[in-house]
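Asker: Spelled out, the chains give:
Protein chains: 2
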Amino acid sequence: MKITSADLENLEKSYRTNLINSLSGFKGVFVIGTSDGNQSNLAIFNSVMHIGANPGLMGFVQRPASVERHTYENIKKTGVFTLNAVAKSWIEKAHQTAARYPQDLSEFDAVGLGEFFIDSFDAPFVANSKLNIGLKFVEEVEIKSNSTLLIIGQIEYLQLDENAIANDGFLDHVQLETAASVGLDAYYSAEKLFRLSYAKPDKSPQKL
Amino acid sequence: MKITSADLENLEKSYRTNLINSLSGFKGVFVIGTSDGNQSNLAIFNSVMHIGANPGLMGFVQRPASVERHTYENIKKTGVFTLNAVAKSWIEKAHQTAARYPQDLSEFDAVGLGEFFIDSFDAPFVANSKLNIGLKFVEEVEIKSNSTLLIIGQIEYLQLDENAIANDGFLDHVQLETAASVGLDAYYSAEKLFRLSYAKPDKSPQKL
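Quick mapping for you: the protein sequence lines, in order, are chains D and F.
Just so we're aligned, residue -1 is where the first sequence starts under the working numbering, counting upward by one.
Just so we're aligned, residue -1 is where the second sequence starts under the working numbering, counting upward by one.
Excised from the complex, chain D in its bound form (with noise of 0.2 Å):
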């Protein structure tokens, strides 16, 4: 099947919407913690990437067609947040962080997820997930096209179980049971195929 760009402008907006979205394939799925120094605020993100590993930086896409900014805001006013992989186990909860509860009530309540805190740092931690990752906000960077933000982060704590770290430093995210999502609403189990060697121009590429 062939779609050109006059076709895509005249699908029908949600569809087109699904569309357009599932293309970029499989994406992690985080609930990102924020506070506004008294209140929690908790938030599905399936933008989650990674910037660079020296430093270590990560951003996540913020959509100006939201409304309500509560991450966003929160984290220009206390500089920090929290990056929580969401497990197969509570996909429906970090889901249902997206419903636009009453501005008072913390998405933890709502939802029934755990939180907790570390000193000196002023952004709640997801207990029920598996890697839990602290950063303080370094850049924020527009995206002129269609107003969306990049906000970026620098990692300054993370907090996950030491068995799933390979030898050489990867994580297996098979065994902290990350879930993985297409769109807007589908969520995946993943399964490990191989890793494979550092890709070199005399020889195929060998089953690590």
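Worth double-checking, as some hints may not be accurate.
[Said to hold, decoys possible] Sample of chain F residues facing chain D (criterion: CB under 10 Å; computed from the structure):
1) Leu81
2) Phe115
3) Glu160
4) Val172
5) Leu206
Derived by calculation from the structure, the hints in this document are not laboratory data.
Note that beta-carbon positions come from the ideal geometry of N, C-alpha and C, so glycine has one too.
Chain D is already provided as a structure; the job is to place chain F on it using the hints.
Answerer: Chain F alone, transformed into the frame defined by chain D:
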């Protein structure tokens, strides 16, 4: 296990690179096709992301560490590029496009992938891929924290199996046999768990 920013700085470099690259979880895997106007280039990227649905925008992160950035240079020259979803059956070939081949050798020939072109679009598509996306370059954004570039394109052309598109536009990547990845070198197969209904405060999400 708790890891502070001071611990991270003290980790051996390749260990830290593997660990931090793994944190963002499951990612889509694409090979990006470009041309310098004469010679085709193909390179694997696992940083492809959804940017917006109207207009249809997708992006990828171009690392500053790449000494040779043929993909970026070609996009700036021709104004177009293709994203081709990597399927499980040809992961090794996609991985091998990362090898540093001589500039006068097309990665299509070097790794054994087929290419095709469409009219008036100066970038090659991958015949082996079940999801081909043609984009025109619209914007590059610099992430100043580590001099990384986010390259944004607008979707001009799609080619895929229409049987993989659900009635509401959602695309079934399991049917397309799309691969997922973690970190620099690990590849995965995904199984669908469920789709969930739009989150509303007054009810639990329903499986669709």
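Asker: Could you run down the list of hints and mark each one as holding or not?
Answerer: Hints, one by one, checked against the model:
no.	hint	verdict
1	Leu81	8 Å, holds
2	Phe115	13 Å, violated
3	Glu160	4 Å, holds
4	Val172	8 Å, holds
5	Leu206	7 Å, holds
Violated hint for the displayed structure: number 2, the only one.
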